[in-house]
Amino acid sequence: SQQGEEDPQALSIQEGENATMNCSYKTSINNLQWYRQNSGRGLVHLILIRSNEREKHSGRLRVTLDTSKKSSSLLITASRAADTASYFCATVPTGGGNKLTFGTGTQLKVEL
Amino acid sequence: DAGITQSPRHKVTETGTPVTLRCHQTENHRYMYWYRQDPGHGLRLIHYSYGVKDTDKGEVSDGYSVSRSKTEDFLLTLESATSSQTSVYFCAISDGRGPVTDTQYFGPGTRLTVL
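Sequence lines, in order, name chains A and B.
Going by the working numbering, the first residue of the first sequence is number 1, and it counts up by one from there.
Going by the working numbering, the first residue of the second sequence is number 1, and it counts up by one from there.
You may find that some hints are simply not true.
Pairs of lysine-lysine, DSSO-like flavour, derived with a Cα cap of 30 Å [said to hold, decoys possible]:
#1 11/B <-> 53/B
#2 11/B <-> 56/A
#3 70/A <-> 57/B
#4 99/A <-> 70/A
#5 109/A <-> 56/A
#6 69/A <-> 99/A
#7 26/A <-> 99/A
#8 57/B <-> 11/B
#9 109/A <-> 70/A
#10 57/B <-> 26/A
#11 70/B <-> 53/B
#12 11/B <-> 70/B
#13 56/A <-> 70/A
#14 11/B <-> 26/A
#15 70/A <-> 70/B
#16 70/B <-> 57/B
#17 99/A <-> 57/B
Treat the hints as calculated values from the structure; they're not laboratory data.
Assemble the whole structure, with the sequences as input and the hints as a guide.
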């Protein structure tokens with residue numbers, strides 16, 4: 001069963017705008033990660049946030065984690081056409097070893 | 001995709017035939033994984049390996065088997081392919097630093113069609 005559910009399923013914005021994607025999960029976790037997938041390609045790791053962290057930044061990416069609500073958000077600031085991709089959250093459930101459980105993804109389209 | 005290759009990249013086969021997909025890594029990572037990706041389901045773990053000859057089942061392992069005789073190679077076999085196994089298959093690797101910080105690196109995928 002899916003651990004994570006992303007919202008929205010699809011998002012279309014103009015270049016320069018910010019994009020926010022949300023992820024909810026069901027069980028306690030060791031960490032939560034975000035991955036990007038360009039069309040026809042494999043997934044690329046973007047950022048990892050540990051369960052004891054609340055916010056993390058990497059370049060134009062900002063991730064928040066609220067373990068009390070079992071939710072996370074990914075913010076991409078000043079989006080570019082090259083950010084067009086699918087974005088997946090993935091969790092490492094507590095006691096799940098190194099195994100990732102993926103959500104169903106958000107398709108982001110950034111238009112010029 | 002650096003350091004991870006999958007072969008073949010595309011395959012069309014018929015129901016009932018065996019199929020083997022290969023994942024090869026040059027990173028000397030301990031952990032290797034096989035996922036399938038289907039619309040509306042995201043990625044689902046099929047099997048994974050935590051060392052040579054050490055493998056375990058994932059969420060959707062029925063109808064699949066794996067083998068790892070060398071650190072660099074992880075094979076996924078569909079014993080008797082069915083149309084429900086039409087999917088895109090991804091291999092991933094990780095160095096197994098631990099469940100708090102471990103991240104995975106993905107191959108380019110294999111698109112399998114079972115007619």
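Each hint, compared with the structure:
Restraint check for residue 11/B and residue 53/B: the C-alpha separation of about 26 Å stays at or below 30 Å, so the hint holds. For the hint linking residue 11/B to residue 56/A, the alpha-carbon distance of about 41 Å lies beyond 30 Å, and the restraint is violated. Simply put, residue 70/A and residue 57/B have alpha-carbon atoms about 26 Å apart, close enough for the 30 Å limit, and the pair holds. Note on residue 99/A and residue 70/A: the hinted pairing holds, with a Cα-Cα distance of about 18 Å set against a maximum of 30 Å.
Distance check on the hinted pair: residue 109/A and residue 56/A sit about 24 Å apart at the alpha-carbon level, within 30 Å; holds. For the hint linking residue 69/A to residue 99/A, the alpha-carbon distance of about 22 Å falls within 30 Å, and the restraint holds. Only pairs whose Cα atoms come within 30 Å are accepted, and residue 26/A paired with residue 99/A is accepted, the gap being roughly 15 Å. Straight-line distance between C-alpha atoms of residue 57/B and residue 11/B comes to about 24 Å, which keeps the hinted pair within the 30 Å bound.
Annotation: proposed proximity of residue 109/A to residue 70/A holds, straight-line Cα distance about 26 Å (limit 30 Å). With a C-alpha separation of about 21 Å, the suggested pair residue 57/B and residue 26/A falls inside the 30 Å cut-off, and the hint holds. Between the alpha carbons of residue 70/B and residue 53/B the distance comes to roughly 8 Å, so the proposed pair stays at or under 30 Å and holds. Of the supplied pair hints, the one linking residue 11/B and residue 70/B holds, its CA atoms being roughly 24 Å apart against a limit of 30 Å.
With a CA separation close to 16 Å, the supplied pair residue 56/A and residue 70/A stays within the 30 Å bound. Restraint check for residue 11/B and residue 26/A: the C-alpha separation of about 36 Å exceeds 30 Å, so the hint is violated. Distance hint between residue 70/A and residue 70/B is unfulfilled; the C-alpha atoms sit about 39 Å from each other, more than 30 Å. Under the criterion of a C-alpha separation no larger than 30 Å, the hint pairing residue 70/B with residue 57/B is consistent with the structure, at around 19 Å.
Pair hint residue 99/A plus residue 57/B holds up; C-alpha atoms about 11 Å apart against a cutoff of 30 Å.
Violation of the numbered hints given earlier is confined to hints 2, 14 and 15; the remaining hints are satisfied by the structure.
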